[in-house]
Amino acid sequence: MSVLKQFRVALAVVLIAVGGLVGAQGNLEINTPAISALQQSMQKRHAQLEPLYTSGAVGLASDGNVSLRDASGVPLAQRGQVNALIAAENADRAALYREIARANGHPEWEADVRKTFAQRWMDRARAGWWVQGPGGWTQKQ
Amino acid sequence: MNRSAAWAALAAAVIATSGCVTINIYFPAAAAEQAADRIIDEVWQLREGAAAQARPNGEAK
Numbered sequence: 000m001s002v003l004k005q006f007r008v009a010l011a012v013v014l015i016a017v018g019g020l021v022g023a024q025g026n027l028e029i030n031t032p033a034i035s036a037l038q039q040s041m042q043k044r045h046a047q048l049e050p051l052y053t054s055g056a057v058g059l060a061s062d063g064n065v066s067l068r069d070a071s072g073v074p075l076a077q078r079g080q081v082n083a084l085i086a087a088e089n090a091d092r093a094a095l096y097r098e099i100a101r102a103n104g105h106p107e108w109e110a111d112v113r114k115t116f117a118q119r120w121m122d123r124a125r126a127g128w129w130v131q132g133p134g135g136w137t138q139k140q
Numbered sequence: 000m001n002r003s004a005a006w007a008a009l010a011a012a013v014i015a016t017s018g019c020v021t022i023n024i025y026f027p028a029a030a031a032e033q034a035a036d037r038i039i040d041e042v043w044q045l046r047e048g049a050a051a052q053a054r055p056n057g058e059a060k
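If you're matching them up, the sequences are chains Z and V in order. Start counting the first sequence at 0; every next residue gets the next number (numbering that gives the first Met the number 0). Start counting the second sequence at 0; every next residue gets the next number (numbering that gives the first Met the number 0).
I should point out that these hints are in silico values taken from the structure, not numbers from a laboratory. Certain hints may be false.
Here are some chain Z residues the structure puts well away from chain V; computed CB gaps all over 12 Å [as the list claims (entries may be wrong)]:
#1 Gly25
#2 Asn26
#3 Leu27
#4 Ser66
#5 Asp69
#6 Gly72
#7 Val73
#8 Ala83
#9 Ile85
#10 Ala102
#11 Asn103
#12 Ala110
#13 Gln131
Only pairs whose alpha carbons sit at most 16 Å apart, straight line, appear in this in silico EDC-like list of lysine to aspartate or glutamate [what the hints assert, rightly or not]:
#14 Z:Lys114 with V:Glu41
#15 Z:Lys114 with V:Glu32
#16 Z:Lys139 with Z:Asp111
#17 Z:Lys43 with V:Glu32
#18 Z:Lys114 with Z:Asp62
#19 Z:Lys139 with Z:Glu49
#20 Z:Lys43 with V:Asp40
#21 Z:Lys43 with Z:Asp91
Chain Z side only, calculated, beta carbon under 10 Å to chain V, not exhaustive [what the hints assert, rightly or not]:
#22 Gln5
#23 Asn64
#24 Leu67
#25 Val112
The C-beta atom is built at its ideal place from N, Cα and C for all residues, glycine as well.
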């Protein structure tokens with residue numbers, strides 16, 4: 000009888016543990032101050048990046064970064080500024096991927112987070128923007 | 000007999016627990032895609048009220 004009771008207790012503990020872990024599975028935490036700050040910084044920068052996506056000077060790279068694709072359309076005097084924008088955006092993106100992995104208790108997920116974002120940035124890019132497919136740069140239709 | 004029942008319970012607990020740990024180590028690709036979309040909506044301002052739309056989904060377990 001007591002063994003049966005023990006068994007039931009063990010079963011209850013197991014079920015509670017399983018329930019808790021499954022619950023933790025459903026969603027990724029992105030509501031942290033660090034992630035919100037990065038998001039805002041990127042949102043602000045987007046106003047400057049958007050015309051560069053549209054002109055094709057900057058494209059969405061397959062590694063989750065933005066990349067200078069064709070500098071010929073950028074006046075020489077502005078190239079430094081464009082490069083600085085790209086560098087700042089890529090720094091924010093790297094921090095974002097790292098923070099999401101960390102906020103969810105798995106810093107080792109950073110590369111997977113980056114891969115997921117790379118795909119989603121490209122999938123959701125507007126028509127006319129340039130994305131880096133496996134065969135090189137293509138313009139979104 | 001009693002002893003074997005206890006061992007069975009212990010074995011079940013160990014198997015179930017190790018199963019959970021394994022599940023939790025896997026990268027949750029679908030959840031990551033949803034999270035990415037929510038952030039992209041914000042950064043690119045793709046939808047009016049994008050955050051409000053994404054939240055009910057996000058809270059689902």
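Status of the hints after comparison with the structure:
A beta-carbon of chain V is positioned within 12 Å of the beta-carbon of glycine 25 of chain Z; the least distance is around 4 Å. Not every CB of chain V lies more than 12 Å from the CB of asparagine 26 of chain Z, the least distance being 5 Å, so the non-interface label is violated. Distance check on leucine 27 of chain Z: its Cβ comes as close as 4 Å (rounded) to a Cβ of chain V, failing to clear the 12 Å threshold; non-interface status is violated. At the 12 Å boundary, the C-beta of serine 66 of chain Z stays outside the reach of chain V, the nearest C-beta of that chain being 17 Å off.
No Cβ of chain V comes within 12 Å of the Cβ of aspartate 69 of chain Z; the nearest lies about 21 Å off, and the non-interface call holds. The claim that glycine 72 of chain Z lies off the interface holds: its Cβ sits roughly 21 Å from the closest Cβ of chain V, which is beyond the 12 Å cut-off. At roughly 21 Å from the closest C-beta of chain V, the C-beta of valine 73 of chain Z stays outside 12 Å, upholding its exclusion from the interface. Remark: the non-interface label on alanine 83 of chain Z is consistent with the geometry, its nearest Cβ contact in chain V lying 19 Å away (cut-off 12 Å).
At roughly 15 Å from the closest C-beta of chain V, the C-beta of isoleucine 85 of chain Z stays outside 12 Å, upholding its exclusion from the interface. Taking the minimum C-beta to C-beta distance to chain V, about 10 Å, the non-interface status of alanine 102 of chain Z is violated against the 12 Å cut. A beta-carbon of chain V is positioned within 12 Å of the beta-carbon of asparagine 103 of chain Z; the least distance is around 9 Å. Its closest Cβ contact with chain V, about 9 Å, brings alanine 110 of chain Z to no more than 12 Å, contrary to its assignment away from the interface.
Against chain V, the non-interface label of glutamine 131 of chain Z holds: every CB pair exceeds 12 Å, the least being about 17 Å. At most 16 Å may separate the alpha-carbon atoms for a hinted pair to count; lysine 114 of chain Z and glutamate 41 of chain V exceed this at roughly 19 Å. Distance hint between lysine 114 of chain Z and glutamate 32 of chain V is fulfilled; the C-alpha atoms sit about 10 Å from each other, no more than 16 Å. With a CA separation close to 24 Å, the supplied pair lysine 139 of chain Z and aspartate 111 of chain Z exceeds the 16 Å bound.
At most 16 Å may separate the alpha-carbon atoms for a hinted pair to count; lysine 43 of chain Z and glutamate 32 of chain V exceed this at roughly 23 Å. A hinted pair counts as satisfied when its Cα atoms are at most 16 Å apart, and lysine 114 of chain Z with aspartate 62 of chain Z qualifies at roughly 7 Å. Straight-line distance between C-alpha atoms of lysine 139 of chain Z and glutamate 49 of chain Z comes to about 14 Å, which keeps the hinted pair within the 16 Å bound. With a C-alpha separation of about 13 Å, the suggested pair lysine 43 of chain Z and aspartate 40 of chain V falls inside the 16 Å cut-off, and the hint holds.
As the CA atoms of lysine 43 of chain Z and aspartate 91 of chain Z are separated by approximately 12 Å, the hinted pair is consistent with the 16 Å bound. The criterion of a C-beta within 10 Å of any C-beta in chain V is met by glutamine 5 of chain Z, whose closest approach is roughly 6 Å, and the hint holds. A hinted interface residue such as asparagine 64 of chain Z counts as satisfied when its beta carbon comes closer than 10 Å to some beta carbon of chain V; here the least separation is about 14 Å, so the hint is violated. With 10 Å as the threshold, the beta carbon of leucine 67 of chain Z stays out of range of chain V, its nearest partner Cβ sitting at about 19 Å, so the hint is violated.
Against a cut-off of 10 Å between C-beta atoms, the interface hint on valine 112 of chain Z holds, since the closest Cβ of chain V lies about 6 Å away.
Of the numbered hints listed earlier, those contradicted by the structure are 1, 2, 3, 10, 11, 12, 14, 16, 17, 23 and 24.
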